[in-house]
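Trainee: One letter stands for each residue in the lines below.
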Amino acid sequence: MSVVKKYHVKPRLATLIKQSGGMYVGEALKRGQAVIEEHLEDCLSEIDLAMAAMEALAAKADYDIEEMYTASTRVIAACAVLSDESLAQAARSLCDLIDRASETGKINPMSVQVHLASMKLLHRSEAGPDERAQIIKGLALVVEKQERQAQAQAEAAAAKAAKS
Amino acid sequence: MQTSTKINLEKATALVIDDNQQALDLLCGVLASFGLREQVRCNSALEAKEICKRQTFDLILTDGAMPEMDGYEFVHWLRREGGDQGRLTPAIVITAHTRKSHVMKARDCGANFIIAKPITPTIILQRILWVAQASRMFIEADTFIGPDRRFKQLGPPAEFPDGRRKDDKPIELGAAQEPNMSQEELDNMIKAQKAAL
Chain A
6 MSVVKKYHVK PRLATLIKQS GGMYVGEALK RGQAVIEEHL EDCLSEIDLA MAAMEALAAK
66 ADYDIEEMYT ASTRVIAACA VLSDESLAQA ARSLCDLIDR ASETGKINPM SVQVHLASMK
126 LLHRSEAGPD ERAQIIKGLA LVVEKQERQA QAQAEAAAAK AAKS
Chain B
17 MQTSTKINLE KATALVIDDN QQALDLLCGV LASFGLREQV RCNSALEAKE ICKRQTFDLI
77 LTDGAMPEMD GYEFVHWLRR EGGDQGRLTP AIVITAHTRK SHVMKARDCG ANFIIAKPIT
137 PTIILQRILW VAQASRMFIE ADTFIGPDRR FKQLGPPAEF PDGRRKDDKP IELGAAQEPN
197 MSQEELDNMI KAQKAAL
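Here the protein sequences come in this chain order: A and B.
For the first sequence, our numbering gives the first residue as 6, with consecutive numbering after it.
For the second sequence, our numbering gives the first residue as 17, with consecutive numbering after it.
Hints listed in this document are in silico derivations from the structure and should not be mistaken for laboratory results.
Please note: incorrect hints may appear among the correct ones.
To spell it out: a stretch of chain B is covered by chain A in this simulated footprint if at least three of its residues, at any positions, have a beta carbon under 8 Å from a beta carbon of chain A; those stretches are [as the list claims (entries may be wrong)]:
1) 32–43
2) 49–60
3) 72–86
4) 102–116
5) 130–143
6) 146–157
Cβ atoms here follow ideal geometry from the backbone N, Cα and C, with glycine treated the same way.
Starting from the given sequences, assemble the full structure and let the hints guide the process.
Mentor: Listed below in structure tokens is the structure:
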């Protein structure tokens, strides 16, 4: 049987953070938000660049789906400057789609296109919260549908193999 | 998190790792705004590994998905081979997306917390404060080294009195279903009895 050791560790951070001086949490959060706002233009450009790269990839007949995944994670990271979460949610949905597809080895190009079109619609558009929520809901259905199809195909293949 | 709480991160040192330069700049900027200015920045976990062999930090923040060595592998290495002090360093993984196949890896790497991108100053600061509270035991076993992953069921958190999940129990207890036991009944339950031989 393996030995499990348990002990309390007081990190140096615990002592340092309580030292006199410093600032109030409220002030720290205000400053943090100001830093996020300073990066607004850079992050918006990053989102534009990543989305342009994704569209260029999707236009190719054959492309590395991992590149699409990486570009989508770039969008998520840069969404830190946006108060609305819908673009990050759409980009995360695309990552989910690619992740599930990499398990099965199959991805429907139309599903990727739907995600890209939705992301375009959500970025720099004036769509209201309800419309955005509907779009995100639709994307979740696209991911679910792909998963169901992949599962059905896997089951059919297994049944075929069992018969032969 | 109380806005009136005072924090001092001026003397703390942090190691921040992300292969995405923009994300790294943004995170370092937010940390600096909290007063945490002593930072070592790395674009790869391999580079961070070399630095950790020479230097210890008060806090490590790393991206999850990186080429060659990802953030989870880095924390896994740190907990096992990071030296006497280094391996106990609070470590937070920040990730844009966790692949289904990486969920177990994330759970088992030994990180104090895993945060989803996009980052917000509130979440980053809250996790730093949680790490500094050091309320969790440090566990060392064959398959896991890191802060205890188990959270006790202490009821809904104060900021969510109705719970965060559909099946969370309400904070108010319901009325008793049966009459309370009498003192005599309670006494009898613990009364020493003679054994019948």
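Trainee: Confirm or reject each hint.
Mentor: We went through each hint and held it up to the structure:
1. Counting residues of the stretch 32–43 of chain B whose beta carbon lies closer than 8 Å to any beta carbon of chain A gives 5, which reaches the threshold of three, so the coverage claim holds.
2. Using a Cβ-Cβ cut-off of 8 Å, 3 residues of the stretch 49–60 of chain B lie near chain A, which meets the minimum of three, so the contact claim holds.
3. For a cut-off of 8 Å, the count of residues in the stretch 72–86 of chain B with a CB near a CB of chain A stands at 3, and the three-residue condition holds.
4. Beta-carbon proximity to chain A at under 8 Å applies to 7 residues in the stretch 102–116 of chain B; the threshold of 3 is reached and the given coverage holds.
5. Interface restraint, the stretch 130–143 of chain B with chain A: holds (8 residues with C-beta to C-beta distance below 8 Å; minimum three).
6. Under the rule that three or more residues need a Cβ within less than 8 Å of chain A, the assignment of the stretch 146–157 of chain B holds, with 9 such residues.
Violated hints are absent here; each numbered hint is respected by the structure.
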